[in-house]
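From just these sequences and the hints, can you work out the full model?
Each chain, written out:
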Amino acid sequence: MKSSKLQRVQVIFREVLDDERLTITGDFSQNDSSDWDSVATVQIVLATEREFGVRLPTELVAQLKDVGQLLSALPD
Amino acid sequence: MAVAIRELHYCLAPEVLKDQDLEQYLDSKQLKTLTKMSGIHARRVAPVGVTALDLAFVAAKRLLDEGAFSAEQIDLLVFATQTPDHQIPATACELHGRLGLSQSCGAFDVNLGCSAFPYCLAIVSSMIEAGLARNAMLCNADVISHVVNRKDRSLAPLHGDGAAICILTKSPENNVGLEGFLMGTDGENSSQITIPASGLRQPRTAESKIEEADDAGSLRNKEQLYMNGPAVFHFSIDKIPSAINDYLKQEGLTVEDLDLVLLHQANKTMVDLIYRALDIPKEKRFYFMEMVGNLAGASTPVLLAEAWRSGRIKPGYRILLASFGNGLSWAVTSMVWSDEVTSLTDLSVEFDNTLIASNEV
Numbered sequence: 000m001k002s003s004k005l006q007r008v009q010v011i012f013r014e015v016l017d018d019e020r021l022t023i024t025g026d027f028s029q030n031d032s033s034d035w036d037s038v039a040t041v042q043i044v045l046a047t048e049r050e051f052g053v054r055l056p057t058e059l060v061a062q063l064k065d066v067g068q069l070l071s072a073l074p075d
Numbered sequence: 000m001a002v003a004i005r006e007l008h009y010c011l012a013p014e015v016l017k018d019q020d021l022e023q024y025l026d027s028k029q030l031k032t033l034t035k036m037s038g039i040h041a042r043r044v045a046p047v048g049v050t051a052l053d054l055a056f057v058a059a060k061r062l063l064d065e066g067a068f069s070a071e072q073i074d075l076l077v078f079a080t081q082t083p084d085h086q087i088p089a090t091a092c093e094l095h096g097r098l099g100l101s102q103s104c105g106a107f108d109v110n111l112g113c114s115a116f117p118y119c120l121a122i123v124s125s126m127i128e129a130g131l132a133r134n135a136m137l138c139n140a141d142v143i144s145h146v147v148n149r150k151d152r153s154l155a156p157l158h159g160d161g162a163a164i165c166i167l168t169k170s171p172e173n174n175v176g177l178e179g180f181l182m183g184t185d186g187e188n189s190s191q192i193t194i195p196a197s198g199l200r201q202p203r204t205a206e207s208k209i210e211e212a213d214d215a216g217s218l219r220n221k222e223q224l225y226m227n228g229p230a231v232f233h234f235s236i237d238k239i240p241s242a243i244n245d246y247l248k249q250e251g252l253t254v255e256d257l258d259l260v261l262l263h264q265a266n267k268t269m270v271d272l273i274y275r276a277l278d279i280p281k282e283k284r285f286y287f288m289e290m291v292g293n294l295a296g297a298s299t300p301v302l303l304a305e306a307w308r309s310g311r312i313k314p315g316y317r318i319l320l321a322s323f324g325n326g327l328s329w330a331v332t333s334m335v336w337s338d339e340v341t342s343l344t345d346l347s348v349e350f351d352n353t354l355i356a357s358n359e360v
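Top to bottom, those sequences are chains A and B.
If you read the first sequence in numbering that gives the first Met the number 0, its first letter stands for residue 0, the second for the next number, and so on.
If you read the second sequence in numbering that gives the first Met the number 0, its first letter stands for residue 0, the second for the next number, and so on.
Rather than coming from a laboratory, the hints here were simulated on the basis of the structure.
One should not assume that every hint holds.
[As the list claims (entries may be wrong)] Non-contacting residues of chain B with respect to chain A, defined by C-beta distances greater than 12 Å in every case (computed):
| id | residue |
| --- | --- |
| 1 | A1 |
| 2 | T32 |
| 3 | S103 |
| 4 | P156 |
| 5 | P195 |
| 6 | A196 |
[Claimed, not checked] No more than 27 Å apart at the CA atoms, straight line, and that leaves these computed lysine-lysine pairs for BS3-like:
| id | chain 1 | residue 1 | chain 2 | residue 2 |
| --- | --- | --- | --- | --- |
| 7 | A | K64 | B | K150 |
| 8 | B | K281 | B | K267 |
| 9 | A | K64 | B | K248 |
| 10 | B | K150 | B | K169 |
| 11 | B | K313 | A | K64 |
| 12 | B | K221 | A | K64 |
| 13 | B | K281 | A | K64 |
| 14 | A | K64 | B | K283 |
| 15 | B | K248 | B | K313 |
Ideal Cβ positions, reconstructed from N, Cα and C, are used throughout, including at glycine.
So this is what it looks like as structure tokens:
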């Protein structure tokens with residue numbers, strides 16, 4: 000069964016934030032993890048672009064604070 | 000006959016800020032993550048009292064004392080910096096005075112950051128081609144560490160301070176010198192790298208000196224540099240490969256025609272992603288940031304000078320330069336290296352305070 004967008008993004012977040020048991024929702028934000036800093040944002044964006052084969056807008060990257068923003072920019 | 004670089008030299012700030020030194024200000028785990036990504040593990044920084052002008056003076060004085068050009072021969076001085084000694088007068092005019100250049104020499108500043116070098120090459124070469132100057136001195140210098148908060152983990156681990164000096168003239172040789180230029184700006188994103196209280200839009204007050212923590216816990220006040228790291232990283236790896244491809248197409252060149260590709264040394268991961276996007280083979284890459292830091296406007300010319308000093312450049316090499324940074328701004332150029340470029344490998348690149356003191360006597 001094809002993984003949902005959220006599941007695929009969760010794999011990325013687990014790797015970048017170094018937490019194999021992390022469970023995210025659309026509301027998961029920088030406030031929920033002290034490891035989600037600017038470096039993590041860059042790593043999350045690069046990994047997401049690779050995983051989904053997309054180029055995210057720089058404006059989104061500039062303001063990325065939660066998973067919901069990321070999900071809304073990705074194709075289904 | 001094109002305009003070519005005839006001499007170049009640089010000066011690094013005297014103090015070394017190592018990763019261990021930053022651990023007193025920053026969380027060590029997060030510091031380790033950033034330094035791993037940036038590839039920067041030591042930064043040359045200038046103490047209070049040593050400015051971009053001082054670093055440029057030391058490099059320029061050494062060049063004029065040991066190189067092929069005298070102070071009297073320089074008829075144009077351009078100084079690119081965003082950390083000037085004063086808002087008024089232009090730092091170029093102050094350097095002019097300290098070097099004892101002729102009163103018939105024109106001097107002015109260029110206010111651009113990391114993208115400055117190719118822009119300045121375009122300005123200087125145009126003025127020489129127009130007959131407005133014969134022997135131009137170009138200075139790119141910054142002391143960004145003076146405007147970065149040590150507790151700003153997005154910036155403190157990155158930046159170093161330095162100055163680079165080039166002398167340019169029209170070359171008598173055929174097929175050497177500067178080729179074309181490509182410039183670009185994304186002004187809508189100008190706020191992604193800024194010092195908010197640094198001019199007249201937001202004057203400096205008691206409030207602008209108060210440190211505040213951002214969402215990530217980094218501390219800075221409004222008189223210190225702010226950078227939206229993810230946005231700038233994304234802009235760089237998105238914009239610069241396409242700008243370089245546009246430049247190559249404009250000039251009728253391909254990567255095969257290039258012997259060396261030099262990129263602004265912002266961050267090793269970023270630079271490698273740009274190299275990879277363009278399929279630049281490893282033998283055409285060069286780096287100089289690990290032990291000096293991101294030198295802002297001085298980064299690209301220092302990189303070029305170090306490539307020359309270390310023997311990576313030979314006469315006849317075609318070198319492409321791409322610089323990018325606040326503005327958001329970028330520029331690309333290429334040059335064929337002349338065999339008349341003075342070799343100054345024995346000349347020190349270290350700051351020498353005695354040169355400053357003796358100049359002030």
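Here's how the hints hold up against the structure:
1. A1: For A1/B, whose nearest Cβ neighbour in chain A is about 36 Å away, the distance exceeds 12 Å, so it holds.
2. T32: Given that some Cβ of chain A is not farther than 12 Å from that of T32/B, nearest at about 5 Å, it is violated.
3. S103: holds, 46 Å
4. P156: violated, 10 Å
5. P195: Holds, because the least Cβ-Cβ distance between P195/B and chain A comes to about 16 Å, which exceeds 12 Å.
6. A196: holds, 21 Å
7. K64/A - K150/B: holds, 21 Å
8. K281/B - K267/B: holds, 14 Å
9. K64/A - K248/B: Given pair K64/A, K248/B is violated - Cα atoms ~38 Å apart, limit 27 Å.
10. K150/B - K169/B: violated, 47 Å
11. K313/B - K64/A: violated, 48 Å
12. K221/B - K64/A: holds, 22 Å
13. K281/B - K64/A: Roughly 36 Å separates the two Cα atoms, so the pair is violated.
14. K64/A - K283/B: Violated, at about 38 Å.
15. K248/B - K313/B: holds, 25 Å
Going down the numbered hints, you'll see the structure goes against 2, 4, 9, 10, 11, 13 and 14, while the others check out.
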